[in-house]
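Q: Residue numbers (my numbering), protein chains in the order written: chain A, 1 to 400; chain B, 1 to 236.
Be aware that one or more of the hints could be misleading.
[Claimed, not checked] Rough simulated footprint, nothing fancy, chain A against chain B, three-plus residues with beta-carbon under 8 Å:
(1) 22 to 32
(2) 63 to 77
(3) 102 to 108
[Unchecked claim] Taking lysine to aspartate or glutamate pairs in the EDC-like style, the calculated list, with each CA pair at most 16 Å apart, reads:
(4) B:175 / A:308
(5) B:97 / B:171
(6) A:277 / A:70
(7) B:97 / B:121
(8) A:315 / A:285
(9) B:133 / B:107
(10) B:3 / A:308
(11) B:125 / B:137
(12) B:125 / B:115
(13) A:311 / B:4
(14) A:32 / B:171
(15) B:116 / B:137
(16) A:315 / A:287
(17) B:97 / A:384
(18) B:193 / B:137
[Unchecked claim] Residues of chain B clear of chain A, computed beta-carbon distances all greater than 12 Å:
(19) 95
(20) 166
(21) 168
(22) 171
(23) 196
(24) 209
By construction, these hints were calculated from the structure, which means they are not laboratory data. For clarity, every value in this text was computed on a predicted model and none was experimentally measured. All residues carry an ideal CB built from backbone N, CA and C; glycine is no exception.
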Amino acid sequence: MTLRSQMTAEKNWAGQTMVTADHMLFEAPREKHFMTGSEVVKEAMKRCTVDASVSYPITPQSEAAHLIGELWAEGYIGTYFRGENEFGVMSEVAGCAMAGARTVTTTSGPGTLRAMENFPMWAGTRIPCQLILMARGINSPLTIQPDNLEVSFMLETGCMIWYAENVQELFDMTIAAFIVAEKPDVHVPIVTVVDGFFVSHTRESVMLPADDIALFPYDPYAAPLPPIDSEMPPGRFLRDPFVMKSNYISYATHASWQWEVRSAAERSRPYAKHFLKGLVHSVGDEDAEVVFVSCGTASHQSKEANRELTKLGIKSKVVKLRTIRPFPTAELLEATKNAKYIFVPEFNVTGWLHNEVLQALYGKSEATVVGKPRVAGGMSMPVEVILKEVGNFVKIEQGA
Amino acid sequence: MSKDSIKIRMPALGGQGAVTAAHIAATAADTEGYYAVSNPFFGAEKRMAPSESYTRIGTVPIYDRGEVVYPDIVMIYHPQVVTMGKSYTMPFYAGIKDNGLVIINSDIELLTEGDKKILADKNVKVLTRDFTKFAVEIAGTELATNMAMLGALFGALGTVSKPAIEEGIKDRFLKKYTASGGTATLDSVIQKKFKKKQDLIDKNLQTASAAFDLTVEWCKEVGFERMLDAPNPVEA
């Protein structure tokens, strides 16, 4: 007997009262807790009526995967198992999701890259699974420190990418992620990113609703593609790849399907706008000439800089991007329309977000876009470093 | 003049409990009504390898994350941090702010005349004590060194009370706690040393409390002034 068959109209298999995402995120009363990002992932998944989770418990990760395993032992997760390696895990996640299960996993850094081939496959099969990515460095040589270069590898996989700033956002975002990914007109995988260590291992206060409520389950029968069946897509795609049958059929399918996968992610915008309360969040002076455009921990560091610049009499503004795929182009243009200098502080060596911002603003903004400060390999970004960079463009009177 | 927020850097060796201490420090400060954040910085580290953790405490929201490059307080858990450079930053006081504080766990003086001059010029006070001996005498185990260090920190700050520290220690040892394999092993070692968890908590608290009192006295002797603003009133 499956766990789903033990559910009633009101209660899931763990005995939690089922509620809408709106109730969970916006209406249910909350209490203060003090915990790490890894621990909050457990709390979020506990409230999501998750059918399946697969993990590869490797060191450059976080405790999140093993905590989801504890949830399984406690009866909150339908099934939980360990893969042989990261590639195996991501393939097994696909299998669970194709079979109609709400599925989650977490990984980071070298693990993400080892599993890479699976992510475009996830998007191509339109499965609404969630990957919680706790960004770490990738091998150059082996590193496990906080660094989000790996996100640049995920950008064109067809998966949606959201970026949480802190423990609180990680909780709210991972709950909303399932709901948006599972919308029948969206129905693509979602990657919720946080910076490893800076969020996964950081202990801070967070407001959580009670744990006796949980989301309604995923309804696979509302999916645009039917649950797995070896004669129907998506199962058929994999059992009999078109290219093995007919190059012409493969061509005809992919020529349209690649666009459709990306259109599906585009259709997530209104839902994301609702559940995330906007695709970008801005703080600071509306008409400031100095604007920081950032995501994740870099937004936190920018807010420190904003506070220090205010003390020095310089107006500034922080524009935090909450979705990276789809990219919030219109919101970014609106939020930076008064900017004279746009700084893109980043925790990676290549400046992938700088490139994204340049692409979005090309021909539409007269601001000088500065891809600095940039740190990598686990370095933190002290506010002093950001102020020094701003000082290269704007006169800062010390001790004002 | 006290500040609205401070940053504490804790260079230690793997196994000494600096990560635990940072978490307890942040929990205690949060209990007292401060904004507080703690985070560790380590890799696939083993015992005796450099391991750092950080606590930030303030009366204003704290956005800053990661390694503390410009600390107000540096807490050295082991002499090897200084003598063998087992620290993410060299020298161990790199980046320390004016009017700061250095707490060193050592039975001998470790600072050179050069170090002393640099720190004195920045009006940084240095408290060197054998906190490990202190832990062995009071708690009966060197594993409580981190509790002594924690007590010293709050003795110097003066605005986080002993009941809040107790709350932090209880939160760590009574609640289900997420830890790596190595930390879980150390947890079981220390728990075996005591008959009951309450004994462990009491001994840890006594160690922290004695170090707290010692440091309060030391602050008066050397004229170390309060560094951090008083906390916001806690909502009922």
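Q: Of the hints stated earlier, which fail here?
A: Structure breaks hints 3, 4, 5, 6, 11, 15, 19, 21, 22.
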